[in-house]
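Following the hints, position chain B against chain A.
From first to last, the protein sequence lines are chains A and B.
Letter 154 of the first sequence, counting from 1, is numbered 154 in full-length UniProt numbering, and no numbers are missing.
Letter 107 of the second sequence, counting from 1, is numbered 107 in full-length UniProt numbering, and no numbers are missing.
Since the hints were made in silico from the structure, they are not lab data.
Hints should not be assumed to be uniformly reliable.
Said to hold, decoys possible - A few chain B residues facing chain A, derived, Cβ under 8 Å:
#1 R18
#2 P21
#3 L23
#4 P26
#5 C42
#6 G47
#7 L112
#8 F271
#9 K275
#10 V277
#11 G308
#12 P312
#13 F315
#14 L319
What the hints assert, rightly or not - Straight-line Cα separation of at most 30 Å, DSSO-like style, residue types lysine-lysine; simulated pairs:
#15 K110/A - K30/B
#16 K30/A - K105/B
#17 K105/A - K30/B
#18 K110/B - K30/A
Said to hold, decoys possible - DEER-style ranges, computed between Cβ atoms:
#19 P26/A - E136/B: 25 to 31 Å
#20 A313/A - P246/B: 47 to 53 Å
#21 G15/A - P254/B: 32 to 38 Å
Note that CB positions come from ideal geometry on N, CA and C, so glycine has one too.
2 protein chains.
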Amino acid sequence: MNIEMIRAAADRIAGHARRTPLLNAPFLDKIAGRRVWIKPECLQHTGSFKFRGAYAALSALEPTVRARGVIAFSSGNHAQGVAHAAALHSTSSVIVMPSDAPALKIANTKALGAEVVLYDRAGESREEIGDRLSAERGLTLIRPYDEPEVIAGQGTTGLEIAEDANALGIREADVIVCCGGGGLTSGIGLALEADAPGLRARPAEPEGFNDVARSLQSGRIERNARTSGNICDAIITPQPGDLTFPILSRLCGPGLIVSEDEALRAMAHAFLRLKVVAEPGGAVALAAALFRTDEIVGDDVIVTISGGNVDPAMFARALDSL
Amino acid sequence: MNIEMIRAAADRIAGHARRTPLLNAPFLDKIAGRRVWIKPECLQHTGSFKFRGAYAALSALEPTVRARGVIAFSSGNHAQGVAHAAALHSTSSVIVMPSDAPALKIANTKALGAEVVLYDRAGESREEIGDRLSAERGLTLIRPYDEPEVIAGQGTTGLEIAEDANALGIREADVIVCCGGGGLTSGIGLALEADAPGLRARPAEPEGFNDVARSLQSGRIERNARTSGNICDAIITPQPGDLTFPILSRLCGPGLIVSEDEALRAMAHAFLRLKVVAEPGGAVALAAALFRTDEIVGDDVIVTISGGNVDPAMFARALDSL
Chain A
1 MNIEMIRAAA DRIAGHARRT PLLNAPFLDK IAGRRVWIKP ECLQHTGSFK
51 FRGAYAALSA LEPTVRARGV IAFSSGNHAQ GVAHAAALHS TSSVIVMPSD
101 APALKIANTK ALGAEVVLYD RAGESREEIG DRLSAERGLT LIRPYDEPEV
151 IAGQGTTGLE IAEDANALGI READVIVCCG GGGLTSGIGL ALEADAPGLR
201 ARPAEPEGFN DVARSLQSGR IERNARTSGN ICDAIITPQP GDLTFPILSR
251 LCGPGLIVSE DEALRAMAHA FLRLKVVAEP GGAVALAAAL FRTDEIVGDD
301 VIVTISGGNV DPAMFARALD SL
Chain B
1 MNIEMIRAAA DRIAGHARRT PLLNAPFLDK IAGRRVWIKP ECLQHTGSFK
51 FRGAYAALSA LEPTVRARGV IAFSSGNHAQ GVAHAAALHS TSSVIVMPSD
101 APALKIANTK ALGAEVVLYD RAGESREEIG DRLSAERGLT LIRPYDEPEV
151 IAGQGTTGLE IAEDANALGI READVIVCCG GGGLTSGIGL ALEADAPGLR
201 ARPAEPEGFN DVARSLQSGR IERNARTSGN ICDAIITPQP GDLTFPILSR
251 LCGPGLIVSE DEALRAMAHA FLRLKVVAEP GGAVALAAAL FRTDEIVGDD
301 VIVTISGGNV DPAMFARALD SL
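If we strip away everything but chain A, and leave its shape as in the complex, we get:
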């Protein structure tokens, strides 16, 4: 895993992934007590940064391998990213989703061109289903974060942040990243190391699911006690990845932790001041910038909004938090 892989991924996704801007708003600066710059990956295709990694991974496959199709386990943003990236490569995708996944997510994934295979969380193993389908059809598994080409794709976000920060004259700043398994955070960390060494990637996580912050503190991989029961579910994973953790450990941190209420309020501020839609997990970095100001140093802070796939009822709850 190195910067050359990220640059190669950037070349492959150019013209396919959206080149998102850095947004800002004086009202947010006032709350944060410093300038806040927002990288709105909710505006990315399929509504999250996951499309970058999926497209990077698909485009790196040998064409005859890619032609046999790909498979992913996900009920969320990674599923949509893989489905859309596969369709753009004119190949097929199988997405293995739990049968109790929200109907809208299943419908969206199908509409993006994927074959959705449902499994019963209680009685079936998604890995067994995946292994069987992969063996039968020669499908390639696209992992959500512990996969070099996926990390390289997410890292292109960091190249763009570095380019824009340099253009703005920002030499030193924390770059707060919504963090699950660490694919986006580690990719951004590598990109910043190469192109904007005064910028430091820091993971943001929801309270009670701060496996990455704890792992960075202890120096070894720590697990979450549970992986559900928080509105930021899109960024909750059991533990940092085997590939991502060494990068996180070398380049990123310390972590920032926010509450569900703070994530909701950050969503409302993104609505009011930036006119973009953030999902709860996608708002934790902005929440940290707005409400954890004494844990951040410097005149500028950069945050990712990692996704915007939120249902109307949850969004209405966020608007009520103001």
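Okay, now just chain B, sitting in the frame of chain A:
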């Protein structure tokens, strides 16, 4: 009023106004039956395209004139655009607003650095107040649309649309523009005439407030019977401008008309599929593309989302429309 003024405005606003992208989403293409490209000016500074015209007008003033300050009549997007543009030019702005304007709009305009002067709609004339303040302090009036440099600033939106459409290989398409007094529509019309002559600007308006569509049809300026009582209030004006109408008449049309319900549904689709926040008046062009498909020709359609300054209650109503 000519293309050179628009190019000069583009040079002046470069690095100050945001260069917004063209967004798209396969789900919207499916509804519309053609490719839909969205110019999200809700992502512009102050949440609407109005910042472009305000900044262009302020930056065109002779420095000693600009230093005395500017004045505008507006309770909405133009007010915020002028206030922010004045602050960026380190000069003062006076915004004359009705005393019954929403508290949030008054607060926002003040927070952007303006002096807000309230007047009583029933008993006072805002023009008299404006004339008195202008005479006393030497303020320059920035009109919302019937002002060459404002039209030039709004026209920069059209230069960007032309550039992106050319890069995408779109040679012929309707460009549907949310239309009030016609500043944005006429500016875009002029820019397209020069840089993308196969593209045609067409105004979109709310039902019952279709003064521009009727004016284009009759060939002379027609008035709205009333100027309130519609959720698309941000784009409702008494009639097309004296400067904008000849341009609209020569280059733009025919108009498209949408209902309030269609505007709300378009806001919900922008939320779900684009992850951007549109205000009702800012969603009429997208509504036309989605729900007036038989009045549009071609494989591609381009629409503006002109603004995103909507209060949470109205946005919740839009989400309920799905």
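Do the hints match the structure? See the list:
For R18/B, the interface hint holds, the least distance from its beta-carbon to any beta-carbon of chain A being 7 Å, beneath 8 Å. Look at P21/B: its Cβ gets to within about 7 Å of chain A, closer than 8 Å, so that hint holds up. For L23/B, the suggested interface contact is upheld, since its CB lies about 7 Å from the closest CB of chain A, less than 8 Å. Of the supplied interface hints, the one on P26/B holds, with its beta-carbon coming within about 7 Å of a beta-carbon of chain A, less than 8 Å.
Restraint check, C42/B versus chain A: the minimum CB separation of about 4 Å is within 8 Å; hint holds. Taking 8 Å as the C-beta cut-off, the interface hint given for G47/B holds, the closest approach to chain A being about 5 Å. Checking L112/B against chain A by beta carbon gives a least distance of about 7 Å; that is within 8 Å, so the hint holds. For the restraint placing F271/B at the interface with chain A, the shortest Cβ-Cβ distance is roughly 6 Å, inside the 8 Å limit, so the hint holds.
Restraint check, K275/B versus chain A: the minimum CB separation of about 3 Å is within 8 Å; hint holds. Interface restraint check for V277/B: the shortest CB-CB distance to chain A comes to about 4 Å, inside 8 Å, so the restraint holds. Hint status for G308/B relative to chain A: holds, with the closest Cβ pair at about 3 Å, below 8 Å. With a least beta-carbon distance of about 4 Å to chain A, the hint placing P312/B at the interface is held under the 8 Å criterion.
For F315/B, the interface hint holds, since its Cβ comes within 8 Å of a Cβ in chain A; the closest pair sits about 7 Å apart. With its C-beta approaching chain A no nearer than about 4 Å, L319/B sits inside the 8 Å limit, and its interface hint holds. A distance of roughly 14 Å separates the Cα atoms of K110/A and K30/B; the hinted pair therefore holds under the 30 Å criterion. A hinted pair counts as satisfied when its Cα atoms are at most 30 Å apart, and K30/A with K105/B qualifies at roughly 17 Å.
For the hint linking K105/A to K30/B, the alpha-carbon distance of about 17 Å falls within 30 Å, and the restraint holds. Distance restraint check for K110/B and K30/A: the Cα-Cα separation of roughly 14 Å lies within the 30 Å cut-off, and the hinted pair is therefore satisfied. The supplied range of 25 to 31 Å is met by P26/A and E136/B, whose beta-carbon atoms lie about 29 Å from each other. Between A313/A and P246/B the beta carbons are some 49 Å apart, a value that agrees with the proposed interval 47 to 53 Å.
A hinted range of 32 to 38 Å for the beta carbons of G15/A and P254/B is consistent with their spacing of about 34 Å.
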